[in-house]
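Residues per chain, in single letters:
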Amino acid sequence: MSRLDDELRKAFRREQPSADFTQRLLEQVAKQPLPKARWWQRLGTLFEPPKLRWVAIGVTASLLLAIGAAQYQRLSRVVTEDNNQQQAIGSQPPATSPATPADLDNRNAPIRQDSGGVRPATVVRHTVKPATRRHALVAATQKAQELKAEGEAAKEKVLFALSIASSALSDAQKAVHDDGLNP
Amino acid sequence: MVGWEGTIVLNKATAARLDDRIERSALGDQFAFEEIVRQHQGMVFSMACHFLRDRSLAEELSQEVFLNLHQNLHSIKSPEHLTFWLRKVTSHRCIDQARRQKVRPQVSLEEVPEPAVDATENDLFLSEMLRRVVDTLPEKARMVVILRYQEDLDPAEIANVLDMPLNTVKSHLRRSLAVLRDKLGRTLGEVSL
Chain A
19 MSRLDDELRK
29 AFRREQPSAD
39 FTQRLLEQVA
49 KQPLPKARWW
59 QRLGTLFEPP
69 KLRWVAIGVT
79 ASLLLAIGAA
89 QYQRLSRVVT
99 EDNNQQQAIG
109 SQPPATSPAT
119 PADLDNRNAP
129 IRQDSGGVRP
139 ATVVRHTVKP
149 ATRRHALVAA
159 TQKAQELKAE
169 GEAAKEKVLF
179 ALSIASSALS
189 DAQKAVHDDG
199 LNP
Chain B
146 MVGWEGTIVL
156 NKATAARLDD
166 RIERSALGDQ
176 FAFEEIVRQH
186 QGMVFSMACH
196 FLRDRSLAEE
206 LSQEVFLNLH
216 QNLHSIKSPE
226 HLTFWLRKVT
236 SHRCIDQARR
246 QKVRPQVSLE
256 EVPEPAVDAT
266 ENDLFLSEML
276 RRVVDTLPEK
286 ARMVVILRYQ
296 EDLDPAEIAN
306 VLDMPLNTVK
316 SHLRRSLAVL
326 RDKLGRTLGE
336 VSL
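Just so you know, the sequences run in chain order A and B. Be aware that the first sequence starts at 19, since it is given in this note's numbering, and climbs by one per residue. Be aware that the second sequence starts at 146, since it is given in this note's numbering, and climbs by one per residue.
Since the hints were made in silico from the structure, they are not lab data. Idealized CB from N, CA, C, for every residue including glycine.
Below 27 Å or equal to it, Euclidean Cα-Cα: the simulated DSS-like pairs (lysine-lysine) are:
#, chain 1, residue 1, chain 2, residue 2
1, B, 222, A, 192
2, B, 233, A, 49
3, B, 285, B, 328
4, B, 285, B, 233
5, A, 28, B, 285
6, B, 315, B, 233
7, B, 233, A, 28
8, A, 69, B, 222
9, A, 28, B, 328
10, A, 28, B, 315
11, B, 285, B, 315
12, A, 49, B, 222
For each label pair, taking beta carbons as the anchor points, the in silico distance ranges come out as:
#, chain 1, residue 1, chain 2, residue 2, range
13, A, 46, B, 220, 15 to 21 Å
14, A, 31, B, 323, 20 to 26 Å
15, B, 220, A, 177, 42 to 48 Å
16, A, 38, B, 323, 40 to 46 Å
17, B, 309, A, 77, 36 to 42 Å
18, A, 101, B, 220, 57 to 63 Å
19, B, 220, A, 171, 48 to 54 Å
20, B, 205, A, 185, 57 to 63 Å
21, A, 87, B, 183, 53 to 59 Å
22, A, 61, B, 165, 20 to 26 Å
23, B, 276, A, 51, 35 to 41 Å
24, A, 23, B, 199, 22 to 28 Å
Please build the complete structure, drawing on both the sequences and the hints.
Set out below in structure tokens:
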């Protein structure tokens, strides 16, 4: 530290303005309205260190909620579709077989006069075996039940995730509220 | 680059009190704002006064700086930021003022009057002599010297306040001190600076 440094510090010591400086300033301040912070400035304060943590928690919780809700909707739709399919299979009429050669012969047979000019009725034969149909129904029912169980399990998981997210969000809101009261 | 966070270190209690004042001022508390003004008016006024060498002009400029602060209180984040903000705004306004109005008398180094009394016996005279020589420096170099010796900032902090590269600040300081030594050495030959 040279003498020049010391002398410069002495030469540039702080000085005070005139006694009425503050008073004059406050009078001018009183004349102008207090400016309000712009919305982006208010938004900017959310990203300052103490609040940033709570904002991050809130955003994460909201994201979890949104994802949970979307997942729940998707699974509900799948379960509903499966139920509808199952009902459709149950109420479907038995399948008909194509006409056999005997039927074709019957169709080509000449119209007998003693029958009053009416062609004999076609005999429709069912070729799907009842055992095969039952087997298909049982398989479909089993598949539907499996899907339903899977759906129920997923639904429970989503509800659990939603409850966690909801509690995190309420904690975050409370913390932000407290933070606002006691900055 | 040193940020405003590193400009001054306040103890926790002072910082908390000042923080509270800033918050209350931003919400319209005039008393809190008055306290802030009283605490910082010496710094702002001295910077302006040493730079402009005109008390009434310095007061006017200081008032403008504090009015500007009042309008921007919501953007002040901490006491350290407040001090940094005031130094920065004051420095830039002083430099602008000097350039705009050419208030500084254009006195060359050679025109600085020679001392009429023995400087070693009169510190006040030496201080005045130093101020007059500093007054002959270019605007930015002058503000660098004021921030260095009035505010006791290191070159990195000065660079941050004046938005200037660190090496430019160091070079301004080096050159200014050389000029001061040369001028005062010639004038006050017997004083070892």
